[in-house]
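Protein chains: 2
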Amino acid sequence: MIKVIQDANVTIARTIFDNREEEYKSVQSILKDVKENGDAALYRYTQTFDRVDLQQLTVTTEEIEKAYANVSEDFLEAIKKAILNIRQFHEKQRRQSWMDTSETGTILGQLIRPLARVGIYVPGGRAAYPSSVLMNAIPAQVAGVQEIVMTTPPDQFGNINAGVLVAADLLGIKQIVKVGGAQAVGALAYGTETVKKVDKITGPGNIFVALAKKEVFGLVDIDMVAGPSEIVVLADEKANPIYVAADLLSQAEHDPMSAAILITDSTTLAEKVQLELDNQLKVLPKREIAEQSIEENGAIYIVPNLEAGIHMINDYAPEHLELIVEDPFSYVGKIKNAGAIFLGENSTEAIGDYFAGPNHVLPTGGTAKFSSPLNVDDFIKKTSLISYSNEDLKQNAEAIQTLAQFEQLQGHANAIKVRNTGNK
Amino acid sequence: MIKVIQDANVTIARTIFDNREEEYKSVQSILKDVKENGDAALYRYTQTFDRVDLQQLTVTTEEIEKAYANVSEDFLEAIKKAILNIRQFHEKQRRQSWMDTSETGTILGQLIRPLARVGIYVPGGRAAYPSSVLMNAIPAQVAGVQEIVMTTPPDQFGNINAGVLVAADLLGIKQIVKVGGAQAVGALAYGTETVKKVDKITGPGNIFVALAKKEVFGLVDIDMVAGPSEIVVLADEKANPIYVAADLLSQAEHDPMSAAILITDSTTLAEKVQLELDNQLKVLPKREIAEQSIEENGAIYIVPNLEAGIHMINDYAPEHLELIVEDPFSYVGKIKNAGAIFLGENSTEAIGDYFAGPNHVLPTGGTAKFSSPLNVDDFIKKTSLISYSNEDLKQNAEAIQTLAQFEQLQGHANAIKVRNTGNK
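Taken in order, these protein sequences are the chains called A and B.
Its first residue numbered 1, the first sequence is counted upward by one per residue in the working numbering.
Its first residue numbered 1, the second sequence is counted upward by one per residue in the working numbering.
These are calculated hints, taken from the structure and not from any lab test.
For clarity, every value in this text was computed on a predicted model and none was experimentally measured.
One or more of the hints may lead you astray.
The list treats identical chains as one, so a pair stands whether inside a single copy or across any two.
[Claimed, not checked] Lysine-lysine pairs mimicking DSS-like chemistry, simulated, CA-CA at most 25 Å apart: (1) K80 to K394; (2) K286 to K417; (3) K174 to K66; (4) K286 to K272; (5) K197 to K80; (6) K417 to K238.
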């Protein structure tokens with residue numbers, strides 16, 4: 001049964017990852033191996049961890065064709081619609097290089113350019129997430145990234161989920177590598193005979209993938225090290241308890257570590273949601289996972305008023321926030337920290353996970369205080385442009401030299417001085 | 001003497017940091033201590049490392065007033081001009097939240113909001129860099145960050161450099177903490193009695209500061225772990241060797257690890273620059289540092305043509321790039337990877353370090369392939385907005401359920417289903 005907490009000055013508890021000393025050592029040794037032995041290490045680890053002896057690391061065109069035959073027309077139609085929506089949203093994030101010219105001849109500017117090559121990690125095994133392919137690849141493509149390589153672990157027959165292959169093919173991803181875990185991250189970060197080194201690695205994975213990404217960060221860029229998923233639903237007495245319970249369970253079914261939190265000013269709603277959770281849990285296929293999540297990490301907080309709830313939300317900085325309250329837009333300005341805000345009773349999180357357009361890769365673990373949903377900016381880099389005119393150089397030579405000399409960097413001052421004293 | 005390399009297929013060598021096992025252990029223990037003991041640990045480490053027994057951790061208004069008395073009118077005037085220029089440039093980076101409305105009633109959007117609180121690390125000791133204060137604090141302020149705390153190590157008398165204090169005061173920074181090293185990073189990341197926990201830490205520092213920032217990354221955001229500074233000058237036969245040599249030395253005087261590289265298609269220019277380096281080195285106050293940098297990490301590459309040089313540049317991804325060539329703008333499109341590009345013979349790096357407006361915090365160590373100059377985006381976070389209409393929910397319910405069910409997430413499908421079957 002979900003915990004009900006009624007306390008005016010409460011902070012939402014959050015499960016913190018343990019220290020993962022052992023996994024970390026294993027990750028370090030796998031990375032070193034891949035760096036030194038390239039493809040050979042990839043074949044070896046795939047044999048060990050995925051229990052399959054691959055003949056070839058990359059997916060063939062025959063496998064892609066077979067994948068199309070193995071998904072339904074409904075699935076194909078749905079994913080095509082999702083691709084359109086996600087692309088449309090992310091296109092609004094695209095930015096332009098700019099220049100600022102002055103009458104004195106100086107030009108300053110900022111170039112926006114795509115990363116050259118990006119690696120996308122897609123989890124495999126029992127679960128398969130075509131939506132992950134879309135959410136990671138589309139912003140990169142909208143940014144203008146020319147080369148995208150996808151890696152995902154094969155099943156014991158050496159196969160990749162048909163939906164994942166179809167998603168990748170619909171997006172025009174040319175190289176799909178059948179490798180998972182820390183070894184996949186190593187291949188992307190260092191490069192092997194088959195996998196060219198990338199500039200950035202994005203996509204979710206298990207603890208080994210997460211630790212490997214953190215380890216190679218700096219050599220390549222990474223998206224973020226994602227923690228367990230979270231939802232907070234802020235609801236008033238008019239909220240439909242069936243909807244609220246369904247939304248909490250859609251989070252809880254992901255992982256026992258997921259956190260599904262309801263904050264409400266209505267004791268009646270809290271009680272109804274409790275009952276409804278039990279009802280809906282009974283018939284949920286992933287009942288065991290969801291039940292453990294609800295029991296260990298779920299909670300219903302009854303607050304004296306919604307303002308108190310918003311204070312808790314800003315402190316917690318949830319990945320997903322649903323506002324199932326009257327006039328939800330009136331709260332948006334008060335919400336300082338959240339990955340995504342879903343407004344009103346129609347806007348269940350699942351719409352955002354799959355379909356509406358915004359990205360489902362969102363900051364977890366309170367990092368919404370300082371980080372953002374995956375977006376087009378994550379796949380570009382900026383370069384400053386400085387073209388200084390002789391007029392401006394002469395005008396400001398003294399000031400620049402004064403600042404350089406204050407910092408005891410005479411070499412910097414000299415670079416101005418030689419230009420300002422006619423040393424032609 | 002600087003190395004001259006003439007080889008058609010060459011890659012620019014780059015010094016890589018060693019493994020810093022010992023410093024890392026020390027950093028971990030300092031961080032743990034600060035986390036557990038707060039201010040007491042800060043006083044203790046400042047006594048050990050900075051050899052001063054502080055009475056108070058924060059700078060007083062009396063100290064600020066004294067600082068103004070200790071800087072020249074010229075300095076004050078120059079730094080005020082620099083502030084204006086830097087602010088003006090960064091204001092062009094500011095972005096707006098946006099919304100996208102549809103006739104079917106759905107609203108999607110992206111909120112842009114500033115981080116709440118940022119910590120800026122400013123190096124101290126022998127060197128003092130007021131320009132660092134400007135380059136880190138101004139983009140944060142332009143982003144709308146309300147609280148900025150600055151930390152910097154005191155000298156043995158407990159004092160902070162007057163220029164650094166004046167720079168901070170001119171920008172309206174209210175809290176200046178006299179603590180440096182890993183202990184300062186710990187204070188910003190965990191919070192102590194005096195220093196409130198921040199959302200992000202930016203600013204350069206020594207190896208202890210860099211390792212500490214990497215260690216707390218995730219709990220708070222960090223800017224980047226900066227490596228040694230670098231310049232590449234691409235010059236043709238018409239370039240003035242006096243300018244080129246001065247610019248190479250302005251980089252070399254920073255640190256023996258700094259890399260100053262000239263790439264040219266002119267053997268004559270290469271020879272002249274060699275001679276000029278020797279001439280200018282003789283009278284450079286930081287001669288020893290610059291000489292070591294030039295000898296160990298500097299180089300002149302003679303290339304068959306400038307195109308070959310650009311290929312090397314894109315592979316190396318320099319922090320600073322000067323194009324001292326005819327028609328420099330014609331090369332901009334070909335340069336894929338560089339932190340900042342300085343165009344033409346007037347645009348010496350020192351102008352960008354202090355004055356022109358663009359940020360001097362730039363990606364080092366080849367990270368310009370995937371990261372950017374410090375900018376306003378580094379101090380904001382985005383939040384997605386999803387307000388889905390009932391019409392769109394009904395229209396797309398089947399598609400969303402299909403996608404959720406394909407991923408075996410029936411709870412997600414249920415959240416759509418309960419809304420679409422009139423469960424009011």
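Checked hints:
In this homomeric assembly, K80 and K394 come within 25 Å of each other (Cα to Cα) only across copies, at 18 Å, whereas the closest approach inside a single copy is 59 Å. Taking CA atoms no more than 25 Å apart as the test, K286 paired with K417 passes between copies only; the shortest distance there is 17 Å, against 72 Å inside one copy. Proximity of K174 to K66 under the C-alpha cut-off of 25 Å is restricted to the intra-copy arrangement: shortest distance 16 Å within a copy versus 64 Å between copies. In this assembly of identical chains, K286 and K272 lie within 25 Å of each other by CA distance solely inside one copy; the values are 22 Å within and 74 Å between copies.
In this assembly of identical chains, the alpha carbons of K197 and K80 never lie at most 25 Å apart, being 30 Å within a copy and 45 Å across copies at closest. Proximity of K417 and K238 under a CA criterion of 25 Å is satisfied inter-copy only: 20 Å between copies versus 72 Å inside one chain copy.
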